[in-house]
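Read in order, the letters of the sequence shown are residues 14 to 156 in my numbering.
These are computed hints drawn from the structure, not numbers from a lab. Every value quoted in this text rests on a predicted model; they were computed, and no experiment measured them. One or more hints might be untrue.
Here are the in silico distance ranges between beta carbons for each label pair [what the hints assert, rightly or not]:
| hint | residue 1 | residue 2 | range |
| --- | --- | --- | --- |
| 1 | R31 | A142 | 17 to 27 Å |
| 2 | R150 | R63 | 22 to 32 Å |
| 3 | I48 | A70 | 26 to 36 Å |
| 4 | F151 | N80 | 40 to 50 Å |
| 5 | L138 | Q45 | 29 to 39 Å |
| 6 | E39 | R16 | 19 to 29 Å |
| 7 | L20 | E53 | 28 to 38 Å |
| 8 | L120 | R63 | 38 to 48 Å |
| 9 | H58 | L138 | 17 to 27 Å |
| 10 | A144 | G30 | 15 to 25 Å |
Glycine included, C-beta positions come from ideal geometry on N, C-alpha and C.
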Amino acid sequence: IDRDDYLRNFLILLGMGRDRSNGTLELSPDDQPVIRWRMEASRLHYDRVRREMRKIARTLGGRFVDNPLTWFDKIIAVHPLGGCVMAETREHGVVDINGEVFGHPGLYVVDASIMPTSTGPNPSLTIAAMAERIADRFPEKSQ
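Go ahead and model the full structure; you've got the sequences and the hints to work with.
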């Protein structure tokens, strides 16, 4: 089979869902970001996604080839969320429901980083709605 035939019959499958929000993002002593996340907490989710992808490949008469990154418990995130999570208290997150950073009055974060968990589908509309909601509250806080 030549390269063009191979590529003509190639299909990339992307699985989406809601993994566990069990990671942390911190700064190292030399101010480098350190991400800690254990895939094990979301193993059932990822196994199910992989199982469904195998079914799709089989149904289409193809052969499923796993992404080599998964061998090392690494994933590709096309819509990364979190890292500066919204919560009720500073012990559980970085910003309050208004996007204001705990302990830093007047400092706001209004982007996908404050989402506490995955939305499942493409999060753009959820992020836009959240940003609008927070922006609508700015005049109230400044008066």
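Worksheet item: Should the hint that L138 and Q45 are 29 to 39 Å apart at their CB atoms be regarded as holding?
Response: About 33 Å separates the Cβ atoms of L138 and Q45, which means 29 to 39 Å holds.
Worksheet item: Should the hint that I48 and A70 are 26 to 36 Å apart at their CB atoms be regarded as holding?
Response: holds (31 Å)
Item to complete: Could you check the hint for me, namely that R150 and R63 are 22 to 32 Å apart, CB to CB?
Response: violated (42 Å)
Worksheet item: CB of F151 to CB of N80, is that within 40 to 50 Å?
Response: 42 Å Cβ-Cβ, so the 40 to 50 Å window holds.
Item to complete: Could you say whether the range 17 to 27 Å given as a hint is met by the Cβ separation of R31 and A142?
Response: Given range 17 to 27 Å: holds, Cβ gap about 18 Å.
Worksheet item: Would you say the C-beta atoms of H58 and L138 sit inside 17 to 27 Å of each other?
Response: holds (23 Å)
Discussion item. Verify the CB-CB distance for L120 and R63 against the hinted window 38 to 48 Å.
Written reply: holds (41 Å)
Worksheet entry | Supplied distance hint 15 to 25 Å, evaluated on CB atoms of A144 and G30 | holds (24 Å)
Worksheet entry | Distance restraint evaluation - E39, R16, Cβ atoms, bounds 19 to 29 Å | For R16 against E39, whose Cβ atoms are near 44 Å apart, the range 19 to 29 Å is violated.
Worksheet item: Quick one: are L20 and E53 within 28 to 38 Å, going by C-beta?
Response: Between L20 and E53, where Cβ atoms are some 35 Å apart, the hint holds.
This entry does not satisfy hints 2, 6, going by the numbered hints stated previously.
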